[in-house]
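A.B. asks: The hints should help you fit chains C, U and Z with the ligands onto chain P, whose structure is shown.
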Amino acid sequence: MVTNKLNLPKEKIDRARELAKNICAPVLDFIDAHTTVTVERATLRLLGADGVSTEGAPVPNLVVDALRDKMSEGAAVWYANALVQTGLEQGELDRRIAEGFNIATLPMGDRQKAKELAAALARRQFSRIDANRAYRESKLEEFKGRSHSPLLYLIVATGNIYEDVKQAQAAALAGADVIAVIRTTAQSLLDYVPYGPTTEGFGGTYATQENFRIMRQALDEVMEREQRYIYQTNYASGLCMPEIAAMGALERLDMMLNDSMYGILFRDINMYRTFVDQRFSRMINAYSGIIINTGEDNYLTTSDAFEKAYTVLASQFLNERFAYAAGLKPWQMGLGHAFEMDPSIENGILYELAQAQMAREIFPEHPLKYMPPTKHMSGDIFKGLVMDNMFNFVSKATGQGIHLLGMLTEAIHTPFMMDRHIAVETALYVMNGIESIMDEIEFRPDGLIVRRAHEVLDRTLGFMEEVERIGLMESIEKAMFADISRSRTGGKGFEGIVEKGEGYFNPVESMLERSLGLA
Amino acid sequence: MVTNKLNLPKEKIDRARELAKNICAPVLDFIDAHTTVTVERATLRLLGADGVSTEGAPVPNLVVDALRDKMSEGAAVWYANALVQTGLEQGELDRRIAEGFNIATLPMGDRQKAKELAAALARRQFSRIDANRAYRESKLEEFKGRSHSPLLYLIVATGNIYEDVKQAQAAALAGADVIAVIRTTAQSLLDYVPYGPTTEGFGGTYATQENFRIMRQALDEVMEREQRYIYQTNYASGLCMPEIAAMGALERLDMMLNDSMYGILFRDINMYRTFVDQRFSRMINAYSGIIINTGEDNYLTTSDAFEKAYTVLASQFLNERFAYAAGLKPWQMGLGHAFEMDPSIENGILYELAQAQMAREIFPEHPLKYMPPTKHMSGDIFKGLVMDNMFNFVSKATGQGIHLLGMLTEAIHTPFMMDRHIAVETALYVMNGIESIMDEIEFRPDGLIVRRAHEVLDRTLGFMEEVERIGLMESIEKAMFADISRSRTGGKGFEGIVEKGEGYFNPVESMLERSLGLA
Amino acid sequence: MAHIIRPYGDTMDDGKVQLSFSLPVPAGSRALEAARRIALAWGFHEAEVVHMAPMSDEFTFFVVYAATQHGIDWDTVEGDRDDSEKPMTMDEINAFIRAHIGRKVVVVGACTGFDAHTVGIDAIMNMKGYNHHYGLERYEMIEAHNLGAQVPNETLIDYAEAHNADAILVSQVVTQKNSHVHNLTEFIELLEAKGERGRFICIAGGPRISNKLAAKIGFDAGFGHGTYAEDVATFIVKKMVQEGRK
Amino acid sequence: MAHIIRPYGDTMDDGKVQLSFSLPVPAGSRALEAARRIALAWGFHEAEVVHMAPMSDEFTFFVVYAATQHGIDWDTVEGDRDDSEKPMTMDEINAFIRAHIGRKVVVVGACTGFDAHTVGIDAIMNMKGYNHHYGLERYEMIEAHNLGAQVPNETLIDYAEAHNADAILVSQVVTQKNSHVHNLTEFIELLEAKGERGRFICIAGGPRISNKLAAKIGFDAGFGHGTYAEDVATFIVKKMVQEGRK
Ligand code: B12
Ligand code: B12
Ligand SMILES: Cc1ncc(COP(=O)(O)O)c(C=O)c1O
Ligand SMILES: Cc1ncc(COP(=O)(O)O)c(C=O)c1O
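Protein sequences, first through last, are from chains P, C, U and Z.
Here the first sequence is numbered in this note's numbering, starting from 1 and rising by one per residue.
Here the second sequence is numbered in this note's numbering, starting from 520 and rising by one per residue.
Here the third sequence is numbered in this note's numbering, starting from 1039 and rising by one per residue.
Here the fourth sequence is numbered in this note's numbering, starting from 1285 and rising by one per residue.
A couple of the hints might just be wrong.
[Claimed, not checked] Covered stretches of chain U, as calculated for chain C (at least 3 residues, CB under 8 Å): (1) 1048–1062; (2) 1152–1164.
[What the hints assert, rightly or not] Calculated pairs, PhoX-like style, for lysine-lysine (alpha carbon to alpha carbon, straight line, at most 25 Å): (3) U:1254 / U:1232; (4) Z:1522 / Z:1370; (5) U:1254 / U:1276; (6) Z:1412 / P:308; (7) P:144 / P:329; (8) Z:1370 / Z:1523; (9) C:540 / C:997; (10) U:1276 / U:1166; (11) Z:1530 / Z:1388; (12) P:375 / P:308; (13) C:997 / U:1166; (14) P:115 / P:500; (15) U:1166 / C:827; (16) P:375 / Z:1412; (17) C:848 / C:663; (18) C:827 / C:531; (19) P:375 / Z:1461; (20) U:1166 / C:894; (21) P:70 / P:113; (22) C:894 / U:1215; (23) C:524 / P:5; (24) C:997 / C:894; (25) U:1284 / U:1232; (26) C:1019 / C:540; (27) P:478 / Z:1412; (28) P:329 / P:139.
Since the hints were made in silico from the structure, they are not lab data.
For glycine and all other residues, C-beta sits at the position ideal for the given N, C-alpha and C.
Next up, chain P with everything else stripped away, as it sits in the complex:
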């Protein structure tokens, strides 16, 4: 239970939410009027389109590329039309497409019939997603009380899915609740999703549907052995944000890294593109019961964590607003923040405590994803381990929800198996040792910790007021977030945005909006 220790004024928090609403409104208008190539591809995936050409081009890409000039109508109707017109079974049609068959060469037949078929196809995939969600919920119920609090989150990043599986199983056996497979370095910039099981990646493993499936199976195995649900995580992020959300829904992932602005700032992806994509991907996540993890922590790797703490809080409000607009519930919003202050700051750990407690009290129902020190980690693994330990302490002491375990080798390499082992065992030690601390400790009402939290909230309001004044997009142009400037029409993926036409049809979108109560 979240108690009030900081005495933050409710009016100010409400005011911030109101500002977030105002800031996001014009962006949401733009989003409503547009689709993108990857939104269409995600739609096709949720109609069941599957397969890949011998050159590795996925069927959804081949279809959307072929329909480039028909995009404003939506790809779904044309894909369904091809099924109607050719009379082929879906798998067979996909195979032909993979071999080079261009469905755009087929004339539109009975549009209504095509639409109905498309909707039926979507319903088939949705029932698979429903089953996944029901299965997850039943397992969570069955193994209730067995997960750690906060959930212990570990990454694997070997580049090879089979190696990942070994490490993920070891990590879960050691005590991890959540396993995230880090993606290969450049995947976020690919405008397609690779296919099949993969064994080659730099600093991470390709996110493919088959890799998702392989990992899911491995984690389910450990789940039964440990009688503890093991959450699987990947990245609905980058140029294929919605498609990966779709894949995750189909393979029962449980969490997705998914931020409304991360791609813009940290991957130089076009902002219009990102905004449209994030909405669609989030509706899929919302529907499939997936928890999103937002990326505010990244800001602190380029900005100073002490000085720019307010940008993190501001971004949490914006991410929250965008998430509501996509139908996500608070329990699905793993808003990001991080323990990234310079370790030499006097009382720095107390300021971290203030920041974490503040987030906890402002977002009481949200799981909150708390990230470990990374920027100030160094080759000094011993000091690093102790910094991670204080991070573990603060996380438990403030009741964070999703706890990304820090690695003592953060500044050196992607985690070795032994690094993870050390991370889990030391976290379990401290968290067990202070199990009830949240109920035990109070803060002096006029002390440093309380004052700091109030100050950050005040600064956030000032900052958000400025963003409201000049607009979110211009604020990004002015490097107000993460000290990074991005231009409106610059960045990758700009060309993939399309204005929706009069007759735009997307059965997946409609079903999502309807069931999420957004229509």
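C.D. replies: Below, chains C, U and Z with the ligands without anything else, positioned relative to chain P:
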């Protein structure tokens, strides 16, 4: 400043002090009526007796051995008599004694004259001690505010004084405020103090006056370079407790491990002997402005720290009482306790916090010596480092005075230089990061932490009542402390106790009692 | 075929190892290179000095990650003892003694020399035991005498003779300058000098004692870190029956 | 005479080293022995496995302390660069350029390939700098162009040509599968293919870049962990003057 966070009832604390008084009273009566061989040797040392035979027997031992049957008169008068009778310069007499001259063969001359000479000799050594104390105080004043709080205490234990010096200097440069030279494994059982610089020891270096001098000089060097006072520590403990206190006073040591019962329980030294010796050694410490460190922490290596927490508090009250009885001021009483609970106990770190805060509030002016985890340290150096980190945290959070830095290799070997380096840098990180925590954090009034402290205090009272009922010596026989049983007449050094005669004369004792206001 | 194993970082056979050590040289770019070269001298390749910190004007601390190609053949590795041989429980041991020996087994133990660490030998011998495993005193069919710490070897042997012990337990915790090896060796030499080595089952124990080390010195067995009373008792009673001691 | 240095635990030349690693075998007494043997295989003696923990059914983690007799001759160790050569300050560098070059020095930099880590190159180039050391943009006599991250080598070279750069700075942070070596090598090869290697002073940097590594690949210098703008600027301007570039 120590604030009240636990709301411990003053009456109960007062009651514990009253019990301590009652428990110690009969022991103090015994002490008053007795002297021991090492008390006499310490007295001789404080008359300036020095030197060693070719077989390594120190002059004070040769004198006391020769005077065995005159012991009830005190050795001082006989030593002074020898000076008077032979007319030798003191150094020359000592040299003769070392060569085999037996002063007991000389008849007693003018006893009054001998007494006066003895007193004059004592005054000479006392003025050296006065100068040491004044120098320490002037340097502490000069470098005020430069020490850490708590004082960071590190041990060196190479067995070789020259190697110790290197390590001690490195440790002090890294940030240590206090350097303790651990003694070689068996020294506490030697009934004499070795002589000269030594380079061979098991798990520690012989405590010799020359070794004290060498280390003092090395630490003074670092003090000037760092502009920070470096405290030197050794062990006024074992069969030569008072002699080592005397040596420490002469060589300007700043702290002494010195406990009223440690030798009994952990070295199987006879209890009568220990009680007499501790009083005399403590008076010397009191006079020379040395801070004593008591050894309650050791109890928790043989008893369970959670179950037997009350024995530590009880022993702190007894050590305090014995210390007052020897003229020590609260600021000189580094009462011992330790972070030794099983790391797997749920909320164990909170119980440690409760215990440390309790000690802090009950002994508000005492520096308190806080010891790191040792018993539950294992070959897992990474987990060990993190346990040490939580110990560092609790120590800073509860305002301990003297902080013995834990070593990640505690279960493996005596510290390597790099182990110490890691200990200091990680402690400085966390202590700086929570600098003001004592003013920031409060405990829930009816919570686990507060309840635990009250419970330990209650159990302590019950325990002390029983000790009062059956007597301290019988309680020790019954293994009520540290789960170790020792018989009254068993143990080492029993034969070295002598009842003081009518005409017992000891100018050192009188001067100490007079100036400490105990006469 | 040999089954070569190598350290594992995040990929099979990558050979990754973490090291830390100090060198008696001042920190700086030469020191960094010295640390790297010394790691290479151990046969590591790709040695990366990831951290260097001065500890004084003359000493520097390093953390290194490196990779090795060395491997060893797993098939040739023999453990200190056979993990698959599980000890009997206290009840089974008592029953075993009743059935096969028919009288109480006498065990005498101590921590010898200047070593003052009683906790280890207490864990094995005292009623209370350790970690919820009762000690030998609790065994109905065992008569256990724990002499405590700092016991001279002579005293222990005399006591064992006087009480007609079946087994003698020697604990050694301090290992500095190999004092444990000296103490244990002296113990065996004293027994042999008296011609009594064969009379007792001799067992050494302590956190740094292995079965191999103990055997090399002349003990019947050695027990290290994590031993419980039942491990020792099982060994003693089986050995007694096997050797026909009654 | 050789000045042999060895690791230092608590006594000169004791050779003590801490190691940790994992092996792909199940925990147990054989695994313990395997860990010990592998440490011996590296030439350590007195290898003590002080900790063993299972990480899964197939992997085990170990902590080992061991001693080595290997030493290296300190007199033969050469640092990556000369610590005694101190960099000039920003003001000195500006003055040096005015006096000896007489025009602004043009520096172009980027983090290349798929590497998205801008913080390192920003620390060197951006106004703000790093750790209270201003970046090159702040230098009056330097014209600094920071292209950011994920810049293809071609783009960087084209830009340098177009702006008549004196020096090109290449940052590489990600080193997995030696991707930094590949990227840096490709950069030099591209320049050489164009016959333009001689036109620019080429400098590589990043946390795992050493001067030696950079030189081996064909750069003029490499800068690692803890570099500041003045280190790089000092190198560039001295090199320009030394080579008579104006
Ligand atoms: C408690 C303790 C003490 C207590 C001892 C109290 C007591 N009555 O035992 C006190 C405070 C008195 C003490 C003093 C010293 N100690 Co001490 N102490 C420890 C400590 C913290 C824990 C040891 C312990 O109790 N372990 C728990 C028991 C249950 O484990 P165990 O002994 O391994 O026993 C198990 C097995 O080994 C086995 N076993 C043990 N004996 C036997 C015998 C048989 C026959 C069998 C079958 C099995 C068996 O079974 C047991 C149960 O599983 C260790 C550090 C550590 N964490 O290990 C240092 C440690 C052992 N001490 C050490 C030292 C150096 C000393 C001193 C010499 C320091 C000094 N110079 O003053 C002194 C003097 C002691 C002396 N003369 O011997 C060093 C030893 C270094 C080395 N490798 O040589 C250690 C490692 C600390 C360090 N890093 O410096 N110590
Ligand atoms: C911040 C950070 C990020 C941020 C980057 C934000 C940004 N805009 O830069 C984000 C979150 C985006 C990120 C992402 C990733 N990161 Co990253 N990241 C870090 C982190 C935490 C800090 C790096 C940093 O900023 N250091 C501070 C700067 C000032 O130091 P520096 O870079 O060393 O620079 C100094 C010197 O090296 C030198 N220098 C650097 N460049 C140059 C150039 C020249 C010419 C000169 C003269 C000097 C010079 O001067 C600088 C000042 O002294 C490190 C871990 C760590 N603590 O080091 C991981 C780390 C570098 N990242 C890593 C990885 C793997 C990734 C990912 C690939 C993970 C993934 N699969 O998604 C992604 C993708 C990035 C990509 N495509 O390249 C690994 C690299 C492992 C390896 N050795 O290969 C690290 C070590 C973390 C880890 N343990 O896994 N990361
Ligand atoms: C929201 C979000 N998406 C994605 C990523 C991963 O980066 P990439 O874009 O390389 O997949 C992160 C990394 O921290 C993140 O926070
Ligand atoms: C009060 C006291 N004296 C002495 C010692 C040291 O033991 P030894 O008797 O071996 O010198 C300790 C060790 O912890 C101690 O606490």
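A.B. asks: Hints first: check each against the structure and report whether it holds.
C.D. replies: How the hints compare with the structure:
no. : hint            : verdict
1   : 1048–1062       : holds (count 3)
2   : 1152–1164       : holds (count 6)
3   : U:1254 / U:1232 : holds, 20 Å
4   : Z:1522 / Z:1370 : holds, 13 Å
5   : U:1254 / U:1276 : holds, 21 Å
6   : Z:1412 / P:308  : holds, 15 Å
7   : P:144 / P:329   : holds, 21 Å
8   : Z:1370 / Z:1523 : holds, 15 Å
9   : C:540 / C:997   : holds, 21 Å
10  : U:1276 / U:1166 : holds, 24 Å
11  : Z:1530 / Z:1388 : holds, 10 Å
12  : P:375 / P:308   : holds, 15 Å
13  : C:997 / U:1166  : holds, 16 Å
14  : P:115 / P:500   : holds, 17 Å
15  : U:1166 / C:827  : holds, 15 Å
16  : P:375 / Z:1412  : holds, 17 Å
17  : C:848 / C:663   : holds, 21 Å
18  : C:827 / C:531   : holds, 19 Å
19  : P:375 / Z:1461  : holds, 22 Å
20  : U:1166 / C:894  : holds, 17 Å
21  : P:70 / P:113    : holds, 18 Å
22  : C:894 / U:1215  : holds, 22 Å
23  : C:524 / P:5     : holds, 17 Å
24  : C:997 / C:894   : holds, 24 Å
25  : U:1284 / U:1232 : holds, 22 Å
26  : C:1019 / C:540  : holds, 24 Å
27  : P:478 / Z:1412  : holds, 17 Å
28  : P:329 / P:139   : holds, 20 Å
Every hint, counting from the list given before, is met by this structure.
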